[in-house]
Amino acid sequence: MTTSERGRKIEKLLTGIEGFDLVTNGGLPVGRSTLIAGTAGSAKTVLAMQFLVEGTARGENGVLVTFEETPADLRRNVLGFGWDVARLEAEGKLAFVDASPRADEERLEAGAYDFSALIARIGAAVRRVSAKRVALDSIGSIFSQFKDTAIVRRELHRIATALKELSVTALITCERNDDYGDISRHGVEEFVADNVILLRNALEDEKRRRTIEVLKFRGTRHQKGEFPFSVTDNGLIVIPLSAIELKQKSGTLRVTSGSTELDRMCGGGFFRDSIILASGSTGTGKTLLVTAFTAGGIAAGERCLTFCFEESRGQFFRNAAGWGFDFEQLEREGHLQVITDYPEVMPLEDHLIRMKQAIIDFKPHRVAVDSLSALERVGTNRSFREFVIALTAFVKDQEMAGLFTSTTPTLFGGTSVTEAHISTICDSIILLRYVETSGEMRRGLTVLKMRGSAHDKEIREFTIDGAGMHLGDAFRNVAGIIVGAPTQLPVSTR
Amino acid sequence: MIDKLRLELFVIGHSPRSKTAVDNLRRILDSTMPGEFDLKIIDVLEQPQAAEDSNIMATPTLIKRAPAPVSRLLGDLSATDTVLRGLGIDSTVPNKDDDDNK
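If you're matching them up, the sequences are chains Y and L in order. Numbering follows the working numbering, in which position 368 of the first sequence is assigned residue number 368; successive positions increment by one, without gaps. So the working numbering is basically just the index in the second sequence, starting at one, shifted up by 494.
There may be inaccurate statements among the hints.
In the SDA-like style, the derived pairs of lysine to any residue whose C-alpha atoms are separated by at most 20 Å in a straight line are [unchecked claim]:
no., chain 1, residue 1, chain 2, residue 2
1, Y, Lys356, Y, Thr340
2, L, Lys498, Y, Glu106
3, L, Lys534, L, Ala560
4, Y, Lys147, L, Arg511
5, Y, Lys147, L, Thr576
6, Y, Lys147, L, Ala560
Which chain L residues face chain Y? A few, computed with CB under 7 Å, are given here [what the hints assert, rightly or not]:
no., residue
7, His508
8, Pro542
9, Ile550
10, Met551
11, Ala562
12, Ser565
13, Arg566
14, Leu567
15, Leu571
16, Ser572
17, Ala573
18, Thr576
19, Val577
20, Leu578
Everything labelled a hint here was simulated from the structure, so no lab data went into it. Beta carbons: idealized from backbone N, C-alpha and C, even for Gly.
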């Protein structure tokens, strides 16, 4: 514990929202209000409701004060997340305070007023269900309900004070005009200034990117910067990138690559807890490498999970059958799971969540992704980088071997975005290249990097036939293969 | 009018603002249609559920339930003209020399 924390340690309340508790270093400050500011459609209401629903699962009941949508609308809108709010209300675990505007009534202001009624109702609801958590959604719309903003500001201040006296942990949402502007519309943050969290839904390169940032937590620590999040069928999931602990296990256990020749080149196989990147242009044999890796693992008694983003299941199975592997049968027997998806079907954050879930569910010993670079086009450069980091960190954490392929943009080498992001994270790099010699197109393979092990540094000829892959002799009289400009050397130079 | 004027006034305990609202309302009603109304005064502290059912945020709040349309008046009802308009009472009836513009 640092000296700044000494003597005034602020307790935190675990919200139960995946990833959120990591980014906030343990949840929301207990007994305080936290402002959640975000633009329209930034999932403020989902977060507010999830905070309360997760609370009820932990024996902490909740009250939702709604200023915008009616309770009936809210109940209906969150059903899609599997949250049965009506049941929670019937069980006395959740209560609404309905402060949504009544459109069917004429409304006039005829003298001085205050929000004592609202404060009394919040207090009554909190006592009725013994609430520990309160959410106010969304506070900015009070300003459109009342004419005198000075009164509204004064009364919001009273509400904040009242929440403190009720000793509940509160989450207050409010609108922002844009993702990188003032903290909130109407300057609401001055009433609940202690803790501020921003939700963003920014448009970058024509793609939506949702992030969450803890702007400030008075007197207590939190993770800095923006973290991507996704709104899934089960609510919001935050992806805590830098909060992921990179436990670099230096395991010495070797597993087969599926090719005895490649194992030999790698100094005895891949390391079990390692990420291997195989890079090459289209047709150089990446999918074959994945097939061999998959089949080799299964032959050694391992379970294998393979993600295909370039080919359909049928295609992948047909290819494997061509090399003598019956993947359909192996999948039926539970040794293998093949998941094929078009990259475009969902944003990167959702891909990550689905892949992680598949890994957790299937519990494989090895994972292959063919190809990782196919996912490049789904997100922005930045979100792709975050995706790669999060995926590799997760795979490593599971003590599995991971083979990821990357398709280079040009036929003769070159680097892809995938490589730029992953090359320092991965433990081994295998390059596959076309080699043009004497009017003939051949394939070359080299192990560029093998962390923690000696390896063959030669560029070997790589051939593919009906029996799979074969590694032959090294190219002796060709230079410039890896940079993509092979030139024949005079034989005399050897 | 077929319907009798039916009113609900939501207040908080015995706060000065609540008292002002009750006094203002009685003064206006007495000078316009004595006896022709039904007024219920509801203390939000004693009956929070009643406030919940009617979405009461601010106090004092006066709701005119009948005759239609339902209308809602916020505040201590010191703006007599607004109150008369909200209640649908012909504004020529009350004595205009009142102190409602102070």
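Each hint, compared with the structure:
no.	hint	verdict
1	Y:Lys356 to Y:Thr340	holds, 15 Å
2	L:Lys498 to Y:Glu106	holds, 19 Å
3	L:Lys534 to L:Ala560	holds, 13 Å
4	Y:Lys147 to L:Arg511	holds, 19 Å
5	Y:Lys147 to L:Thr576	holds, 14 Å
6	Y:Lys147 to L:Ala560	violated, 25 Å
7	His508	violated, 12 Å
8	Pro542	holds, 4 Å
9	Ile550	holds, 4 Å
10	Met551	holds, 5 Å
11	Ala562	violated, 11 Å
12	Ser565	holds, 4 Å
13	Arg566	holds, 5 Å
14	Leu567	holds, 5 Å
15	Leu571	holds, 5 Å
16	Ser572	holds, 4 Å
17	Ala573	holds, 4 Å
18	Thr576	holds, 4 Å
19	Val577	holds, 5 Å
20	Leu578	violated, 9 Å
In terms of the numbered hints stated before, the structure departs from hints 6, 7, 11, 20, listed from lowest to highest.
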